[in-house]
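Each chain, written out:
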Amino acid sequence: MNSLERITASIKIQHVDRVPVIAQIFAHAAVLAGVSINEYVHSGETLARCQLNALKIYACDAVFSAMDTSVETEAIGSTLHYYENMYPVVAKHVLAPDADWINLTVPDPQKAGRMPEILKALGILRKELGDETLVVGCVVGPFTLAGQLLGLENTLYLAIDHPQRLERLLDFATEVLISFGRAQLKAGAHLPMVFDPAASPAVIPPSFFREFELPRLRRLFQALESGGSACNWLHIAGPAAPILPYYRDAGVDIANFDYCVSMDEANNMLPTICLDGNIKSLSFVEGTPAEIRKESKILLRYFRKRGGFILSSGCEIPPESRPENIAAMVQAVRTTE
Amino acid sequence: MADPKMASLVSAILDGDCDRSLANTKKLIESGVSSENIVVHGLEAAMSTLDAKCTLEQFNLLEIMLAGRAVTAVMKLLYPCGEPTGISKGTIVIATLEGDVHDLGKNILKMVLTGKGYRVVDCGKDCPLSKLIEAIGHEKPIAVGISGLITPVIGQVKQVKGLLAGNKLNNVKVIAGGAALKQSSPEKLNVDFVAESAFDCLHYLEKITEGTE
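Here the protein sequences line up with chains A and B, keeping their order. Following the working numbering from start to finish, the first sequence increments by one per residue and tops out at 337. Following the working numbering from start to finish, the second sequence increments by one per residue and tops out at 213.
So that you can see chain A by itself, here it is in the shape it has in the complex (with noise of 0.2 Å):
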């Protein structure tokens, strides 16, 4: 099997010739590489040659085209700070909250920001890996695009005080998104990752993401899938057990679940839909190779009876971690048994 078919068995939670592994590297290649996260970040030639050199080193099961969680804000006119060695943050949201946002308009993706530099970075890593290994793009989730838009906590007072407003924004956030993840699509991605740290219920209460994310993500999952996306995959961080079981009703075909939710938790709320996790992230820079292998191998048996499962970090694994960490839970799934 190669990378992509295991993954598609995966996800139907069929027969593996072994079980996939994805380290969610994003900036950590750049590292890798020798290259500043400045350069990684605005240069998509630049992503793509750092992702196929990660590639080489670990040999896992998919590489990401991936920045950072302000590209679409910043495409929408928001001013981003970047820094040379991390990850760029808003210096000014584009919206205001008693502004009367009459003129947001969808940015075109072949034009706007860095969407461009994604796409292709893309180009270049389904040309290079065919399908062979999954290539990955990214999208944020219609509450994080809410909040790097406004601010979080000024999304997170809209919806209380002005519902509806924050509705109006989040549909706008989700045409957004649709335009960038089916432009991802064109570009060569297998499937654009749905990344959602501001759905978690870390930040938003689960009722929350039963009434305004929902609706917005199944929308998304709906037209990413008629755009040609593999499969769907969210990746809500954080203790997110109580929203596991919306994900399918949101079209999910695999979800990520952090450290801060059990093997038991996932496999028990979502027991027929691909699971991806769950390795502390901070283990990666803290942690040793045998303590990465220890926790790889729980993760192994836990999931060997029913499938369906990808080994791998609970979020991004951080730019500054160790490679030998890294190295160690792709060779787990290779030598546990």
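Honestly, the hints are just simulated from the structure, not real lab data. Backbone N, C-alpha and C fix where the C-beta goes; we use that ideal spot for every residue, glycine too. Treat the hints with care, since some could be wrong.
Claimed, not checked - Using C-beta positions, here's what the derived DEER-type ranges look like:
1. TYR82/A - GLN159/B: 54 to 62 Å
2. LYS131/B - TYR82/A: 15 to 23 Å
3. ASN171/B - LYS111/A: 50 to 58 Å
4. GLU139/B - GLU291/A: 51 to 59 Å
5. SER34/B - ASP171/A: 46 to 54 Å
As the list claims (entries may be wrong) - Here are the simulated DSS-like pairs of lysine-lysine, each with C-alpha atoms no more than 30 Å apart in a straight line:
6. LYS92/A - LYS76/B
7. LYS158/B - LYS294/A
8. LYS92/A - LYS182/B
9. LYS89/B - LYS297/A
10. LYS92/A - LYS131/B
11. LYS188/B - LYS161/B
12. LYS294/A - LYS188/B
13. LYS305/A - LYS294/A
14. LYS89/B - LYS168/B
15. LYS297/A - LYS161/B
Model the placement of chain B on the given structure of chain A, informed by the hints.
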């Protein structure tokens, strides 16, 4: 149990209703209740109720934010010229360090601590270490609270105790919290305490002020 006069204020704060909180505060002022009493028996009582409700499993951030917003509005009404004098349980300096603009956790902590009668000096987000140490030197707090959502700030967190020692501020406790930092341990971060939540931080501070930590 809360003072009966304060019951409607406490209820309004817990409902996160700013307008009702302000209206109730005005009524209390008009009936001669002192600002200090309103803080101690109104705001602190509301925060204590919220504290009891918010366990690690049942932590509703939005509920705390809304109550915190009401507390902030009441504090502004009580002390229009700025911070209150004479009733603080102690000063806490808080910040999110350079490169990290995720300040939601820090802001929640500020609301909780303010509501519980602490004086909070907020160094803001994306705060360089030099600015933080300068503020600590100036304010002489009982503790500094650092919130971090991203792992690259860990290097900065590890330096804080050394910098405090270099400035003869060894008695200031260092508390870390936030999604990235709480994955670690006090030993690895070189801090005194890693808080799971804003209330966890509050409990640690209460131990310090009670002299049990």
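These are the hints, each one checked on the structure:
no.	hint	in the structure
1	TYR82/A - GLN159/B: 54 to 62 Å	violated (23 Å)
2	LYS131/B - TYR82/A: 15 to 23 Å	holds (20 Å)
3	ASN171/B - LYS111/A: 50 to 58 Å	holds (56 Å)
4	GLU139/B - GLU291/A: 51 to 59 Å	violated (40 Å)
5	SER34/B - ASP171/A: 46 to 54 Å	holds (49 Å)
6	LYS92/A - LYS76/B	holds (26 Å)
7	LYS158/B - LYS294/A	holds (27 Å)
8	LYS92/A - LYS182/B	holds (28 Å)
9	LYS89/B - LYS297/A	violated (49 Å)
10	LYS92/A - LYS131/B	holds (22 Å)
11	LYS188/B - LYS161/B	holds (12 Å)
12	LYS294/A - LYS188/B	holds (20 Å)
13	LYS305/A - LYS294/A	holds (19 Å)
14	LYS89/B - LYS168/B	holds (23 Å)
15	LYS297/A - LYS161/B	violated (37 Å)
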